[in-house]
Each structure stands twice: as structure tokens, then as C-alpha cells.
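Since the structure of chain A is provided, determine the placement of chains B, C, D, E and F on it from the hints.
6 protein chains.
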Amino acid sequence: VIDAPDLAGRIAILKVHAKGKPLATDVSLEKIARSTPGFCGADLANALNEAALLATRRSHEVISQKDLEEAVEKVVAGPERKSHRLGDEERRRVAFHEAGHAVVAASLKDADPVHKISIVPRGRATLGYTWQVPATEQFILSKSALLDRLRSLMGGRAAEEVMFHDMTTGAANDLEKATAIAEQMVCVFGMSEGVGLVHYAHQRPLFLPAIEGDALPRSVSPETATLIDHEVRQILDQAYQDALEILLAKRPKLEAIAEALVARETLDGEELEGMLRPLKADRPS
Amino acid sequence: VIDAPDLAGRIAILKVHAKGKPLATDVSLEKIARSTPGFCGADLANALNEAALLATRRSHEVISQKDLEEAVEKVVAGPERKSHRLGDEERRRVAFHEAGHAVVAASLKDADPVHKISIVPRGRATLGYTWQVPATEQFILSKSALLDRLRSLMGGRAAEEVMFHDMTTGAANDLEKATAIAEQMVCVFGMSEGVGLVHYAHQRPLFLPAIEGDALPRSVSPETATLIDHEVRQILDQAYQDALEILLAKRPKLEAIAEALVARETLDGEELEGMLRPLKADRPS
Amino acid sequence: VIDAPDLAGRIAILKVHAKGKPLATDVSLEKIARSTPGFCGADLANALNEAALLATRRSHEVISQKDLEEAVEKVVAGPERKSHRLGDEERRRVAFHEAGHAVVAASLKDADPVHKISIVPRGRATLGYTWQVPATEQFILSKSALLDRLRSLMGGRAAEEVMFHDMTTGAANDLEKATAIAEQMVCVFGMSEGVGLVHYAHQRPLFLPAIEGDALPRSVSPETATLIDHEVRQILDQAYQDALEILLAKRPKLEAIAEALVARETLDGEELEGMLRPLKADRPS
Amino acid sequence: VIDAPDLAGRIAILKVHAKGKPLATDVSLEKIARSTPGFCGADLANALNEAALLATRRSHEVISQKDLEEAVEKVVAGPERKSHRLGDEERRRVAFHEAGHAVVAASLKDADPVHKISIVPRGRATLGYTWQVPATEQFILSKSALLDRLRSLMGGRAAEEVMFHDMTTGAANDLEKATAIAEQMVCVFGMSEGVGLVHYAHQRPLFLPAIEGDALPRSVSPETATLIDHEVRQILDQAYQDALEILLAKRPKLEAIAEALVARETLDGEELEGMLRPLKADRPS
Amino acid sequence: VIDAPDLAGRIAILKVHAKGKPLATDVSLEKIARSTPGFCGADLANALNEAALLATRRSHEVISQKDLEEAVEKVVAGPERKSHRLGDEERRRVAFHEAGHAVVAASLKDADPVHKISIVPRGRATLGYTWQVPATEQFILSKSALLDRLRSLMGGRAAEEVMFHDMTTGAANDLEKATAIAEQMVCVFGMSEGVGLVHYAHQRPLFLPAIEGDALPRSVSPETATLIDHEVRQILDQAYQDALEILLAKRPKLEAIAEALVARETLDGEELEGMLRPLKADRPS
Amino acid sequence: VIDAPDLAGRIAILKVHAKGKPLATDVSLEKIARSTPGFCGADLANALNEAALLATRRSHEVISQKDLEEAVEKVVAGPERKSHRLGDEERRRVAFHEAGHAVVAASLKDADPVHKISIVPRGRATLGYTWQVPATEQFILSKSALLDRLRSLMGGRAAEEVMFHDMTTGAANDLEKATAIAEQMVCVFGMSEGVGLVHYAHQRPLFLPAIEGDALPRSVSPETATLIDHEVRQILDQAYQDALEILLAKRPKLEAIAEALVARETLDGEELEGMLRPLKADRPS
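Residue numbers (this note's numbering), protein chains in the order written: chain A, 1 to 285; chain B, 1 to 285; chain C, 1 to 285; chain D, 1 to 285; chain E, 1 to 285; chain F, 1 to 285.
Chain A with its partners taken away, still in its complex shape:
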């Protein structure tokens, strides 16, 4: 497991791979680096090559910031797949689902800002997506930031409930991500009062002078497993309830954004900010 470079590392890598490529004067590699936390070196090289291709296809002599941003998006979410034509009803579903993520995220103090939402199908399985980018590079996450991440993930399913009083298979991926975060909160980060400050996950060897031996390869007792399951469930239930409450309160915004998505397919950070700006002010922290 190699971890991703930090911001400074990403800028340096981008500069290396940009050598010999004609960049437009408006290009800010730092901006690109800020929007790509989690990218490894190969991802960044990939993005620069995609951008060069795009510029060529557009018969531009230099790579513009827009080319770069589209290239990054392709690496993040896969290539567009316009042939993947959803029915009108499905398209509306997806629009409300993504709008739900965006409205919930925008209503929370510690959620990452929404960079873009889209209902253009991409890659193998993406019917729509909500792209969040942290305002600043973060190395430590607070419990409240993790809870806001969970609430945002639950926004998709919650929006479907609010609008259609029904549920679909579309939230499967959100639930998988949310469950993994909640399990780490409980088992790795010591963030659940019920389970306490015990580490219940990786049983790795441990460097301890004068105590011979490795960490024990022990499995938890059934009672502890039940306790962990209960805490994970509580965290997820609460996150969903919070998301639902936010969307019920902001239903007009939700509808406005979803309809805008249906009409325009994609809303970028600024457009969203325009429609959502009043939201944060509404909500006492």
C-alpha cells in the first residue's frame, strides 16, 4: 500500500510531467493539484496526457485550464458514456439523488465543498456523481467531519425518499462507503462511546522493546461483535435521519437543483454556490 502524495508532492509531479507540454498562460497547476487529493503519480501523468489529447482534438495549440479540468474529471469518474441513455424517469431519479448529496453537503459546516455535480453517465457504472474537494489539504479528520461525510453520503437515498417515497438500488455504493467509514470510526478511531478506545481491526505486529512477541491474532467475542454492529448501525441511522431532516427543510432548493441538473446535466461549483449559498447561513452550527 503506497499512499498518495500530498499537495506539494502533487504540484511537483505535475510540473515534471508538464515539461515539454505547451500550457496556456491561464493554467494553474496548483489549482489542479488542489482538486486531486488521493491521486498518485500515475493518475496525475494520466490527467496531463488526457488534457494534451483533448487540446489536440480541439485543434488548440496549447493546453488550457479547461482541458486540464476535464481530463482530471475523466480520471476521477471515468470517460463520459453518452450512449448510456437513461429513461426520463431514471434521469430524474439520478438528478434528485445527486442533488440530495449536494444539498446535504452544502448545509453542513464540516463537509467538503461540492466541486461539481453531474448526471452524465460515466465509466462502467456511474449514472451521476457528486464531486467534493476539501477546501484545504487535511491530514487529520475530526469526528464531526466524518459525520458530515456520512450525512452527505446519505443525502442521495434521503432525496429519493423525500421526493418519491420509494427506494432504489442506486444508493448501494453510498451505503458501502458509509458503512466502511462508520466501521473505522468505531473500530479504529475510537469514536464510539459504546465500544470505547479499543482498536478492533488490523492485528499487526507491534514494535515493543522488552515485550516479546506479536500482537495477538485474536478475534473479538460475539458480544463485542454485537456491540460494534450496534454502534455502526446507530451512526448510520443517525446520519440518514440528519440528511432526511435537512432535505425536508430545504426541499425547494433540492427541487430547484435537481431540475437544473435535468435541464443542464452538469452544475459546477460556482453555479451550485449561487443556488445554495444561503443554505449555510440558515443553519446554526
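Hints are computed from structural coordinates only; laboratory data are not their basis.
Straight line, CA to CA, 30 Å or less: simulated BS3-like cross-link-like pairs of lysine-lysine: (1) B/177 with C/177; (2) C/82 with D/31; (3) D/15 with C/74; (4) B/177 with B/31; (5) C/15 with C/31; (6) A/74 with B/15; (7) E/177 with E/109; (8) D/177 with C/177; (9) D/82 with F/31.
The structure displayed is predicted, hence computed values, not measured ones.
Okay, now just chains B, C, D, E and F, sitting in the frame of chain A:
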């Protein structure tokens, strides 16, 4: 795991493989593509080759739509196996079993329309089959669509119960499929209130910047396993009860279709529609 | 897993392998095919070669129906092993055990007819055997057919109880087969009310367009395991009680057949039918 | 897993390997074959070669029955290891332990007759042994024969309790054998009323025409595991109580045989019979 | 598993690797050896080479004690990674977290003295660290030394609670180490009254003359697993409560050290001692 | 698994390897053989070679009994490691720990006599050791001998409790050995009334003529696992309480021996006997 091409992809693939093959003027590759969700490229190529063979065997100079449809059916359900001669009693059993699937599916708002039912044995183990094709290409399934799928699967066993007050080994495959769907509803799609919005299946690595590590390879507690089993059971029990209720109410239709099957072996979508059309109207949604 | 050919297939295979072998005019390959459900191609070839050998050893110029039948029996139950000399007491035990299977099977409406019973030791571990052949080729089995199969399997142990008020290791194989059938009734065929219509066995990948992923590799909860164990046990207990009740009512027949076996070692279908014919009539269905 | 030849087989194998070896006129290969149930062909060849060696070492021109019997014993229990000198106390312990086995076995109707007991250490771990040989070749064992086998196995520990009111590590092997037999009674032979006629051991594929698939690789529920443990425990407890009761009643015989063993190291079947003969008569069956 | 050399061994190894390297007259290899418990030979060689490199880079002709100490630190905690620029808020978090470790450790009689604390990011994942070095070489650890180690590990999370009433992902590594220690106290060192003097971890073969066989590969019962989990949890809960109590009582010291860290990035043992010296006196043992 | 030679075997092996080596007239190879139960041939050869080396290093022309004894000790406990310098407090700890073993062992009727105790560190991890050698070669161990072995093992931790009212990591190895013995008492030797005469450990194939099949690879039920854990715990608790009681009663002896160890590092069997002789007399058996 490579997923199947979508409608547009299937049309494109069919066109490629149809090049150089003499198609009759009535042939609609789109229609073929619509009836083959889940086919991969090799399946489609296979179907076109089978159709060419059929045309040759029939001494036709061009491949007709009928040739293509028979070829698709062979790929879906295996080659006919006329030598597999069932006794009269068994044949009647199979006819009622398939008619049960068809009547239940036709009575439900969100079940896929029945394209064909047959009691011609095919392949290794198929004594009869009910072929459903979705009206439009679907990327997201609602909970009610999944429930209707379960009810349709339970229609075979329910028909045996209604007619013979007895059960056979013939429903084993239906139960296996239904159980897998119910488990996914509960463990992957968050569609059971009792279990809630927790993902209990694949524990895959998860892309989470700033949180080091993989999703935990944890197994659920015995209590949660009991809860999951209970929810899966409830969903399946209810689906069977619903199927049973539908067939008890529509028993004359069930008998008519089963007898028609015994007499003619196969009923296509239009013939079935003729006999079943009033059904949907009967049933308030 | 390749499944066995059906009746038509077996006839065809026998014809292929019979080419060039001199068959007596009385030979009916169809009759041979009827008595060999479950034989694969190699088994059938094997039986024809054994028959040829037998004919040669007997200095016949053609293979007779009797040669063929003995050859089939050798493939079904292994070569005779006359050296395996049981004591008188053990021989009587074995005779009552096999007579128990035969009498129970003959008393049941849905059990396969008994083709032959024998107390000639065969192969590695067979001290006696009861050979049943279905009257017609069957592709679906009803719950009552499975229950009758279980009752027949329990007939051996039940006969020992009735005659000797004691039990031996001789029923181990019967119990293993019976347990496997009962487990499949409960976990695969949905034939137990207590467990319901849930599939609890093979968790195989499942072809489901639009629902990504495989069936879940989930294990059942302890509560469900208990429920399954309970249902399996109930089914087996009941089958044994039924077998016992039948043999208590037909004790004179049981004794007559067992004594005949001790005297003549083997009874074929017709001889048995002669001694047992009144049985079915005795028993209301 | 190849199973051992039966009596006839063993006689035949002995004859083959005896060819060319000078046998004394008193030699009865059948007697040798009777005392070697469970021997495979290689064991029998081995015994004949050992006997030839012994005869040579003794400068005899022919192999005597005595040579053969000693050779068989060496194959059964390993080579003598006179260097293994036990202390007087330990030797007495071992003598009472073996005498316990012998007295219990001799008191039971269905236990195999004792062929020899010895306190000459043999092989790696044998400090003494009790060699039982069935009176006739047996292919089926009754529940009472298995219970008598368990009682005999418990005789060693019970004798230690009766004489020394103490226990040692010397019964470990007896307990292991007894546990395996009791588990098979409960899980394979259907001999426990509490567990019933269910097979809980090897889940082997099963030949069942018309029912597709293998026996299920299912593990038992915790409740069933508890039930099995309970039944196994009951059977073993009872066997020990029975052994204890026998030895308390026959204590003078136990002491006489143990003292004889201390004095003469070995007692053969006839010597034992002489000292034990009245025992069976004492005990109503 | 090769264990690390002891103090004498480390001095000897350092001398070997120092041969031919120009050391300044102030260099004390013993001091270096004292600060490197747990280093293997390769680590020590590594540190000497790093020190030589540092001296060269600084254009010094001899290696100074300072060069050596920096080289040791690099081996302990990884290379500095100044590019890893934390935001102001995160830097303050890390400073309080490390200050928490240091203040708790300094307040305890049996904790190892703090050698240095730093908030210079290092290596892949270290945002700050607290480096403790035992006063004397220790081969046995008392229960109270282990408890003080746990309290010190909990000091980071406790400081975050005291100052920010919030928790972050930053304590994950502390919790993992603390859990491993607590599990060893309970399962290997017999230090929990609830679990008692039973060894529940490695089931290794065991040298025991006259008792044949290995330690049993047995897993603990669910009840024992629950008991172990409970004891581990209690130990960790108590350690955290103790850490919290210490920091609440010493809050001004905590703040002073954290602010000093924010300002100067690093505090060495002597600087810390200056700010912390009164602490031990405050606390009755 | 090859088991170790017995006394006679060890004498024979020593004689073979001593050939050609000049032995002093005082050398008794039998004495050496008596002190090396559990040694394999290679260990004995190793000891003779070490003794020859020692004699050479000491410029003796013959190998003395003392050389041999030191060589044996090196094989038993590893080479001396004088560089491993413990602090005074740790040295005292170790001295009391070893004295605890010795005093408890010497107070018990069935414990092996103490041959030597030492606090010279040896090998990788041995800070001190108590070397017990059985008075006579033993092939069977009584329950009371095993209990005395457990009490002796608990003597180290108990001495620490008596003197320091505190516990350390130093008893880890004792607890591991004691747990393995207690588990074998319960699961292999049938020495616990609660668990009874059931074998719960190695499920090895078993030679049983006429009963086909292997011992079952069954795992115990949770209830039985709990019972086993409980019995093991009881045995260990009681052994510790007994050790504690002995040391509380003999505290002056404990202190005298520990202080002697601190002063002289090593006490051999005779010196110990001198200081401990009155102990056995004190204690009624």
C-alpha cells in the same frame, strides 16, 4: 468481472457482426438488441452465427427476423432437447409451473413483461422456462420492481400449490434466485427497515483520502446474522403469499394458459398478452 | 459436474457401443436403458463390455439379455465377493435389513419399485443391497416421492429394530443418504414449513441484469442453523416412525422375504412382486 | 483409503507369501489369518518375513507356529524394548491397567476375547497392551458390541481408580479411541436416542438420480453440537461406570491377574482363560 | 523472529561500524546506544552512515554527537517531510496531542522519560511524535510500568478532549498500540484478575518430557472471549480516565508546552524537563 | 515427531559419542544421562562436543565431570550471556522469582527435585532458571505429579506477589507452560471431573477393524469449550493459591535462598538441599 454492454452497445456490436451476412429486409437489429439485456459481445456474435446456420439449414438465402429470434432463444435457454420426453403428468406440472410465473408477472405493475413461455425442454436441466424482457432498458431498480421480480419467481411454486396442493423439486432454481435477490435487498441495497442502511456484503478496499487503510475484513455478529436471516425470510414469505393470492384470484386464467401450453408447447408474448391482457386492469396498483 | 444422459440418450449410447457385438435376438437395449438411470456413457460402455466377457466365459456365441442384466448389476453394486463369508447371524441380519427396505418400499405409493434384493456381498463394503428402478423416467420429484424414498431408506434399520430390538452399524450408509435428502428438502427445495422458501445451500453467482455483483457468500446465523437442524431431524424421525409402523403391520411378509433371502440369496423383481403384491392394496393412499 | 482384506483374503495372501518358506508341520496359516483382522497385504508379508528371521536367529530349519505368532505380535504392537525399564511402581501401575482391560473385556458378553496381555514395553510408546481378537470375523457391529468395546477401553483407568484411587496419563490413548467410537455411534451409526437417525459426519457427494447437486457442506448448529457433545459424554461416562462396577465386583481376579503379570510379564489367551473362566458365568447377560 | 541486541551488544555493534569513521571528541557511543533500545544491527549501521552523510553535507571533517542524534531520530521516525504543510488548526491539534503524551508521561512514576517531542512531519504518516527512552535498560516490565505506558499513549487523545472537546483520527495509532499492550497484559502476562493466570495466546509446541504431544490448537470459548474483551476494555478505559484526570489537573502546563511546540516545532528532553520538572513532585506515587 | 530416547538409550548414545574422547576417571555417563531426559541424540552429541571444547579451553588433558555438566547446562538453557546486565532491582526480582520456583518444588511430594537454580542470564531470553531433574525415569505421570508441576511453575509469580505485592512480565513463559499442562489434563488425560473422560484434542485417524472411516474432524460445542476453559482456569487458580500458601508459610526460606542467589548467582542441588532440607519434613503429605 466485465459487465454487459448497454442497449446502444448491443446494437453496435450486432451491426459489426452482421457485416457480410445477408439480412432479410424485415430484420430489426434494435429489436434483437432490446431482447438481449445481459448479453456480452460473444453472446451476440454467437446468436448471429446461429441465425445464419438456421437460415442455411432452411435453405433461405437471407437471415430472417424469425431466424434471429430463435437463435437468441437458443443462447438464452440452451438448445432444444426434444428427446427429453417427460411423462404426461410431469408435462402438466411444468406447464402449470411456467403458467404460474407468467400469470403472476403479468398481474404486477413493475414486473418485466413476459416475452415467451415454453415447456420444450432445453439444455441440460431446463424443463420449461418463462422469458421476461424489460420494456425499457433499466439501470436502477426500485424496491417495488425487485419485489415484483420475487413475486414472479414465486409464481411457479405457488401455481403447483394452487393446482396440486403439493410441492416438487422443480422450484429449486427459482428459490435460489429469489434468495439471492432478497439477500441483496437486505445487505446491499438497504431496503429492509429491520437491518437498515448498513452494507453487509463485499468488504472491498475503499478510496478515502486522509483515512489510511482498507475497509475492515469483519464478519457480522450472530445477532446481526439472525436479523438478516429474518428479514430475508420475511421478504420471501411475503412474495410467496402475494403470488399465491394472485393465482387464487386468477385461477381460470392460470388453467387456460397451462392447458394452452400443454397443447401448443410454447406461447409467445402476443399470444400471452391476448389471454392475459385483462389481468393488469383487474388489479389496482 | 456433467449430468447423466436421459432415457433416449442411454438408448442411443447403448446402440453405439453395441455395434459389432453379437446380440441375442431376445436382447432389448431399451429395457437395459430403463434400468440404468444415472449411468453415464462410460458406465454403459462398461456394462456392454462386461456382458461380452460373461458371454465369452460361458462359451455363448451371442450376448443374451441375462448377460447384460448381470453386467449392469456388476456396475451398479460392484463385483460379487463370495469369499466374504458372513456368519449365520450376520447373514440373517443382512437379510432382514434388505427385506425391510423392500417391504417398506413396496408399501408406498410413490417409492420406486424394487428391481432386486440380494445378500451376496459385493465390492468393498456391500453386504447386501436393495435395487430400486423408477417405473418411468422422472425429471421432477414431488415431496411425497422424496418422503417415500426416506421411508424406504429407513426400512433397513426399522426391520432390525422390529426383529432384534437392537441396532447395528449396518445402517450407516442409509442414514448418510437419508440425511442428504432431508437437508436438500429443507435447504434447496423449500419443502419445510419451518424453514420456508429460502435457499440455504450453494451460493453461486447469479445472472441478474442491472444488479451488479454475485450472490453473497454469507453463512447462516446460528438460529437458522438450529432451525434447519430441527427440521431435518423431524423429517428423518417421521420417516423412521413410518417405516417402523409399516413393518410392524406387515411383519409376516418381512419374515417370509428375509427367510427366502437367507435360503436363495437373491430375489428378483418378479419374485418379490409375487410375495409382496397384496401389500399395496392393503394400504390406503 | 483401501480397506483390509477379509479372512479368506488374508489366508490367500499368507499362502502366496509363504511359498518357498519352510513351514513346520504344526503351522496353521488360517489361525494366523484369524488373529490378524485389519492387516493389509504388506503387514502379512512383513509378519512372514519377521518369522523367517526369528527362525534363522534361533537356528531352526523350519518356521514354527510360535515364530509366526511372535512375528504377528511385533507387527501389531511394535518391537520389544526391554531397555525401557520402568520403576517397580510404574510396572505395577501398568500391570493393573492392562489387567483392568482384560477383566472387563472377559466379563462382557459382546467384547472380543482377550488373546494376550503383556507389560513388556514395545515400540515408541507402548508400556503394556491388551490384545483382543474377535472370535469370528465380523462385518457388522451391534450397539452392544460397541458399548462392550468402550467398557473394555475404560477398564484400564477404572482399575487404576479401584487400586490406587488416583489417575495417571496412561489412559490417554484409551480415551482417544473411546471418544472416536462414541462419536461414531452418535454421528454416523444413529445409535443415540438424543441425536436420532441423522448423519452428522462426512458430507460426501451423493448419487441421486434426478436430484441435482451434492450433499450440502453444512456445519451443525451450536445447539446440535451441544447435543452431540452431551450424548458422547453420557456414553463414555456410562461405559466408565460399568467398567468400575465390574472391577469392584471382581477385585480379587483383578489383583490376581495383575500380580501374575508383574511376575511373568505376559499372559496368553489360555492362561487368562484359566484365571478368568468363571467370570462370564458370574454375570447374567 | 530475531530479538534486538541489548545495551552491551549495541555498544559493541556501534564500535564495529564506527571504525574508520572520524568521530568528534564529544561523541559518546554509549549515549547513542542508550537511546536506541529495539534497534537491530542494521538500524545502528544505518544511523552511523546517516550521521556521516549529515557531517559531509554540513562540510564538517568529523561526525559530531549532534549529527549522530539526528541520524538516530531519522531511523526512529523517518525523514523530515517539511513539504507536508499542515494548516494552522491542524498544527495546533498535533501540538496539543503530542504535548498530551509528554505531560502524562512526565507525571507518572513508571513511564519512560520523554527524550524529545516534535511536530515536524516525518516519513509517510507521522505528523508529530513523542520519543520516550527508558532511563535504564529493562528486561522485565512491571504491571505498573505497562499501565503507565498505556496512560501515556492515551495522553494524546485526552489532550484533544481537554482542549477541543472533540476527537480526531489522529489517535488511531495510539489506540492500536495500547490495545496490543492491554491484550498482552490480559492474555500473556496474567495481569488481569478477571481472566486469571491463563495463557490465551500463542499455542506453541512445548518441551515436556514424558507428556507426549504439542500444546493444543484450541480456541477459547465465546464466554472467555467476552471476558477477555471486557478486561481489555476496562484497562483501556481506566488508562484514558487517568490520562484525562492528569491533564485536567495540569492544564496550564499542557497549554504552555503545546504553544511552545507551535512556536519552536521541537522540544528536546532538557527543555521539556525545564518546563515539566515540577510535575513529578506534584504527584504522590 | 520423533520422541526422545529413554535412559538406557541416552547412556548408549553417550557411549558412542564419547569414543575417542579422553574422559577423566570421575566421569559418570549414567549421571549425565539421568540429568538429560528429553534430550535427543543430537543434543547429547552436542553436549559431549561442548565439554571437549571447555576442557581444551581450560587446558585440561581430559574431560572432567564438571565440564560435562556445564556443557549439558549450556544445551538446556543456552550459552551464558554475562553482557546482559540487569539492574539491581531486576536482579533481585529474578532471584526471588527463581527462589519461588525452587521453594515450592521442594515443598511438594511429587515435584521433580531441583537440580540447580541460577540468575546468570542465558541465551536470548532467559534471565534466570530453575532446573529440575526427575529422581527416576518416569513414563507415566500421576495427576498429583502434574499438579505439583503446576504449583512449581506458579512459584515464580507467587514469590513476586509475596515479596513485592506486584506482578511483572517475567512469568509469561511459566503461564504458557502451565496452561498447556492444564489443557492436557482436561482434554487428553481425562483428569477433570467437570469435563470427564472425553478426549477433546487431536482428532487422528483411528485403527478400528470393521468400522469404516476416520475419527470425525468435529469441533467442540461452545458449551463444551466454556466447560473446558472453566476447568483449566480452576486448575491454574488452585495451583497458584497452593504456591502462594506455601511461600507465605516458608517466607524466611524464600528470602534466604533469594539473597543467596543475589550473592552467588547460582546454587546447585546440594547447596539448595542444605538450605531446603527441612522443608519436606514440615509438610504432611
